[in-house]
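**Student:** Each chain, written out:
Protein chains: 2
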Amino acid sequence: MTTIVSMTMTDIRFPTSRELDGSDAMNPDPDYSAAYAVLEADDGSRGDGFVFTIGRGNEVVVSALAALERHVLGRPLDGPDDLAELSRSMVHDSQLRWLGPEKGVMHMAIGAVVNAAWDLVSRSAVLPLWRYVSTLTPEQIVDQVDFRYLTDALDRDQALAILRAAEPGRQVRTETLVAEGYPAYTTSSGWLAYPDEKIARLSREAVADGFTQIKLKVGGDLADDVRRLGIAREAVGPDIRIAVDANQRWDVGQAVAWMEALAPFDPWWIEEPTSPDDILGHAAIRAKVAPVKVATGEHVQNRVVVKQLLQAGAIDILQIDATRVGGVNENLAILLLGARFGVPVCPHAGGVGLCELVQHLAMIDLVAVSGSTEGRVIEYVDHLHEHFEDPTDVRGGRYRAPTAPGFSSRIKAASIEEFRFPDGAAWR
Amino acid sequence: MTTIVSMTMTDIRFPTSRELDGSDAMNPDPDYSAAYAVLEADDGSRGDGFVFTIGRGNEVVVSALAALERHVLGRPLDGPDDLAELSRSMVHDSQLRWLGPEKGVMHMAIGAVVNAAWDLVSRSAVLPLWRYVSTLTPEQIVDQVDFRYLTDALDRDQALAILRAAEPGRQVRTETLVAEGYPAYTTSSGWLAYPDEKIARLSREAVADGFTQIKLKVGGDLADDVRRLGIAREAVGPDIRIAVDANQRWDVGQAVAWMEALAPFDPWWIEEPTSPDDILGHAAIRAKVAPVKVATGEHVQNRVVVKQLLQAGAIDILQIDATRVGGVNENLAILLLGARFGVPVCPHAGGVGLCELVQHLAMIDLVAVSGSTEGRVIEYVDHLHEHFEDPTDVRGGRYRAPTAPGFSSRIKAASIEEFRFPDGAAWR
Numbered sequence: 001m002t003t004i005v006s007m008t009m010t011d012i013r014f015p016t017s018r019e020l021d022g023s024d025a026m027n028p029d030p031d032y033s034a035a036y037a038v039l040e041a042d043d044g045s046r047g048d049g050f051v052f053t054i055g056r057g058n059e060v061v062v063s064a065l066a067a068l069e070r071h072v073l074g075r076p077l078d079g080p081d082d083l084a085e086l087s088r089s090m091v092h093d094s095q096l097r098w099l100g101p102e103k104g105v106m107h108m109a110i111g112a113v114v115n116a117a118w119d120l121v122s123r124s125a126v127l128p129l130w131r132y133v134s135t136l137t138p139e140q141i142v143d144q145v146d147f148r149y150l151t152d153a154l155d156r157d158q159a160l161a162i163l164r165a166a167e168p169g170r171q172v173r174t175e176t177l178v179a180e181g182y183p184a185y186t187t188s189s190g191w192l193a194y195p196d197e198k199i200a201r202l203s204r205e206a207v208a209d210g211f212t213q214i215k216l217k218v219g220g221d222l223a224d225d226v227r228r229l230g231i232a233r234e235a236v237g238p239d240i241r242i243a244v245d246a247n248q249r250w251d252v253g254q255a256v257a258w259m260e261a262l263a264p265f266d267p268w269w270i271e272e273p274t275s276p277d278d279i280l281g282h283a284a285i286r287a288k289v290a291p292v293k294v295a296t297g298e299h300v301q302n303r304v305v306v307k308q309l310l311q312a313g314a315i316d317i318l319q320i321d322a323t324r325v326g327g328v329n330e331n332l333a334i335l336l337l338g339a340r341f342g343v344p345v346c347p348h349a350g351g352v353g354l355c356e357l358v359q360h361l362a363m364i365d366l367v368a369v370s371g372s373t374e375g376r377v378i379e380y381v382d383h384l385h386e387h388f389e390d391p392t393d394v395r396g397g398r399y400r401a402p403t404a405p406g407f408s409s410r411i412k413a414a415s416i417e418e419f420r421f422p423d424g425a426a427w428r
Numbered sequence: 429m430t431t432i433v434s435m436t437m438t439d440i441r442f443p444t445s446r447e448l449d450g451s452d453a454m455n456p457d458p459d460y461s462a463a464y465a466v467l468e469a470d471d472g473s474r475g476d477g478f479v480f481t482i483g484r485g486n487e488v489v490v491s492a493l494a495a496l497e498r499h500v501l502g503r504p505l506d507g508p509d510d511l512a513e514l515s516r517s518m519v520h521d522s523q524l525r526w527l528g529p530e531k532g533v534m535h536m537a538i539g540a541v542v543n544a545a546w547d548l549v550s551r552s553a554v555l556p557l558w559r560y561v562s563t564l565t566p567e568q569i570v571d572q573v574d575f576r577y578l579t580d581a582l583d584r585d586q587a588l589a590i591l592r593a594a595e596p597g598r599q600v601r602t603e604t605l606v607a608e609g610y611p612a613y614t615t616s617s618g619w620l621a622y623p624d625e626k627i628a629r630l631s632r633e634a635v636a637d638g639f640t641q642i643k644l645k646v647g648g649d650l651a652d653d654v655r656r657l658g659i660a661r662e663a664v665g666p667d668i669r670i671a672v673d674a675n676q677r678w679d680v681g682q683a684v685a686w687m688e689a690l691a692p693f694d695p696w697w698i699e700e701p702t703s704p705d706d707i708l709g710h711a712a713i714r715a716k717v718a719p720v721k722v723a724t725g726e727h728v729q730n731r732v733v734v735k736q737l738l739q740a741g742a743i744d745i746l747q748i749d750a751t752r753v754g755g756v757n758e759n760l761a762i763l764l765l766g767a768r769f770g771v772p773v774c775p776h777a778g779g780v781g782l783c784e785l786v787q788h789l790a791m792i793d794l795v796a797v798s799g800s801t802e803g804r805v806i807e808y809v810d811h812l813h814e815h816f817e818d819p820t821d822v823r824g825g826r827y828r829a830p831t832a833p834g835f836s837s838r839i840k841a842a843s844i845e846e847f848r849f850p851d852g853a854a855w856r
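Protein chains in written order, with the working numbering: chain A, 1 to 428; chain B, 429 to 856.
Simulated from the structure, these hints should not be mistaken for lab results.
One should not assume that every hint holds.
Claimed, not checked - Straight-line C-alpha distance at most 16 Å; calculated EDC-like pairs for lysine to aspartate or glutamate: (1) A:198 to A:175; (2) B:716 to A:152; (3) A:293 to A:224; (4) A:288 to B:814; (5) A:293 to A:260; (6) A:198 to A:180.
Sequences are here, hints too, so could you generate the full structure?
**Tutor:** Okay, structure coming up:
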C-alpha cells in the first residue's frame, strides 16, 4: 500500500509582466504564477500539482493548499478508488465547503491536490495520465464523478452509457492519436499589447508552422480591434480560423455590438464575451452573434455552471481549464456533460503548465469519452514550457501525445528554486 | 482628511460544534468563526469587518484579507466617494480577480474590508450605518454600485429611478421603523440535531415571544423531517409560517419529491433546495413546488448570479448575506436588483454577527430602496450576540433599529482575546 507522508507547498512566480506576454483586456500585467503542491509517499513516489494564478494572491492559494493537509497525510493512494475518495473527502469537507461551495480559491486548491494525486498514481503505473485513464473501466471512470447537482442533466447510468459506447474504439483511437497527434491552435500571436507588425509576423509564422486556427485578444478598444483583426485576417488569408477572446470584458449588449463590428473579418468564435457566471447572458449573446460561435469555460467555477451553460444552449464550445475546477475528477464530469449535450470540448491553456495538463484531458476525451476530435482543438501558447520536466511537444499544429509517465505537471527543481516568491533569484 | 494607517487581521473561532447549535443537513458540526479585520485611521477612527466561516479554512480567509492591505493602507476614507473607490480598486485588482472572479475566499475577504470601511465612515458620521446610507442622495448610492454585467437587467438610470421614487417617503418610513422595528423570524428552534421535545418547546416559545414565522432545517432524512415538521406545526398552530431550509442538500428531482412529502404541513418557503449555483435548477424546482415559495441567496456568490435568479424567475424570496458578496456596495446592487424585479429581500443571518450586520441592510432597503416591509422578514438566531459591542435588540418578533454609530460589527476585545485561534483561552 502506498501512503502519502508529506505535502510541500511553494509559491512560484514568473515575472512575465516585464514583457507583456499574456496581456489581454482584463489582465494588463500578469505575473504568471503557480501555487505548487508536491505529494510524497512512503514508497518514494511523488505527485505534483498546482493552481495557475497571475501573481498577487498566489500566497492565498498556498494557504488553501495547506488547509487540505489533513485530507492528504496518511491517505492510501494506490488506484482509482483512492483517487475518488480523496476528491470526495476534500470537496465534501463540511467546514471548508463554506468557503465556496466548490468555487474560488478553496476549490482551485482542491483541484491542485487532486491533480497531484493523479500524477502520482499514473507515474506509479508508469503511464502518461491520458493512457492511465484509458486503462480504467467505464465503471471506474464514472466512480470518479460527483453526480451531486448533475442528475437533472446527467446521471450515473447516462454517463456509463457514454463511456461504454466509446469503449470499443479506444484502441484504434489511441493508435491514431499516437501517430497523428491532436489538433492545436495558437494564441501566441494575438496578445493585446503586441504592436501591429508583431501580430502580422506571428500570424504568418503560425500558419507556416501548420496551425489552422489562431486567436486574438480583443475588448480593449473597438477601433484597435477592427484594425488588428484586419491585419491578422490579411496575414493568414480566408481559410485559417481566427478566434477572438474578450476575457470577460463586456456586458451583454456591448458584446453583441462589438461582435457586429468584427463580423466582417469572419471570427470563428468569441471567447469569454462576458462574466463566466452569466449563463443567461451567454445564451442571449449566442442568439445574436450566430454564426460566430460562443465559447467559455476557463473561468467557469464548477460542473454545476457547466451543466447550465449546456442546458441553456449558451455555448457552442465548452472550454475546460485544468486548475480552475476540482481537478481530474471534476473535469471527467465536465467531459461527460459535453458529450451528453454534443458540445465539443476545447481546452483553455497557456499560463504556467496549462498546456502540459490539458493535453491529457483532451486526449482522455478522445480516447474514452466523446471519441472524436471533430470541432475540437487544444489551445497552445509558446510560453514557460522550458520550466517543465516533460514539456509539451507541439509540431505541425498538433500536440504530440505525451509518453512520459504522469500528468506532465512537474516543474524542474532549478526553476522552482529560481522563481520561488519572494526569495528566489528572479525576485531578489 | 482621514487616512487608513493600519489593518489588523485576526482568526476568531467559537467552539460551537460542542453543542450542535447551528447543525444542518450540510453542516453537521460547525465551529462558527470570523476572519476579522480592523482598519485604523490617522485620526484615531476605527472600522471593523469580518467574514463569517464555520471553522476550518478561516485562516485562508485571513490570508486573503492580508492580500488586500495594498489597497487599504494610505487610502483616504472620508465619505461615499472614497467608499466606492475602495470597493472598485479591490474588486478590479486584475491579479487578485483571477482567484474568482468575484467569488469565494477572495471576494468574501473584499466584502469584509468594504464592510469595515463603511463601519468606520458611519461611525465618523456618528450614525448607525442604515441611517448614514439614508443621508446619501440617490446619485451617491448609485455610485456605490458596480454595474458591470448588470446592464441587461439593471442600468444606472433604472437604479436611479428606483432610488428617486423611494426618496420622498424616507423620513416617514424612518420614523415608523424606529417606532415599530422590522419583522423577524427565528431559526433557533429548528436545528437538525435538536431532539423532538426541544423543537416543540422552542417553537411554542418563539410564538410566545411574538414571532410569526419560524424555520426548520430539513434534508437529512425524510421520515425525520415529516415527523419534525409535524411536531412544529402542531406546536405553533396553522397561522404561524414555517419555513424549511435544506442547505443545498438536494438535486432537482429530489427537492421536488421531498417537498411533495412535506406539503401537508404547509411550509412557507423552501430555502436552498439545491446548489446555490444552480439558477436553472431553482427555476425548475419553483415551477414544481408552488405555492411553496423558493428562497436562496446566503451562498450566492455575487450580483451576477442574483441577476440571473431574478431573470429566470427562479426565486420568490431573495436572501442576502452580509459577508458572502463584496460588502455593502455589492449588497446595494443586490437590493436594487430585488426592487427592479419586485422580489422581496429577506436577509440570511445567524452565524457570527450576521444578525448585527443584515439588520442594517434590510433597513436600508426599507428606507431608501424598496420602501416596503411587505413579504419581508429578517432571520434571527439567538446566538453569540453577547460577543458584540452593539448586539441586536429583537423584541416582540421584531428587530429594533440600531442606534449606535456604525455597522454593529465590532466584537468585544475580551471575546477576541478569548476565542483567537489557536492561542485564545477557549482553544488552549
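**Student:** Name the hints, by number, that the structure is in violation of.
**Tutor:** Violated: hints 1, 3, 4 and 6.
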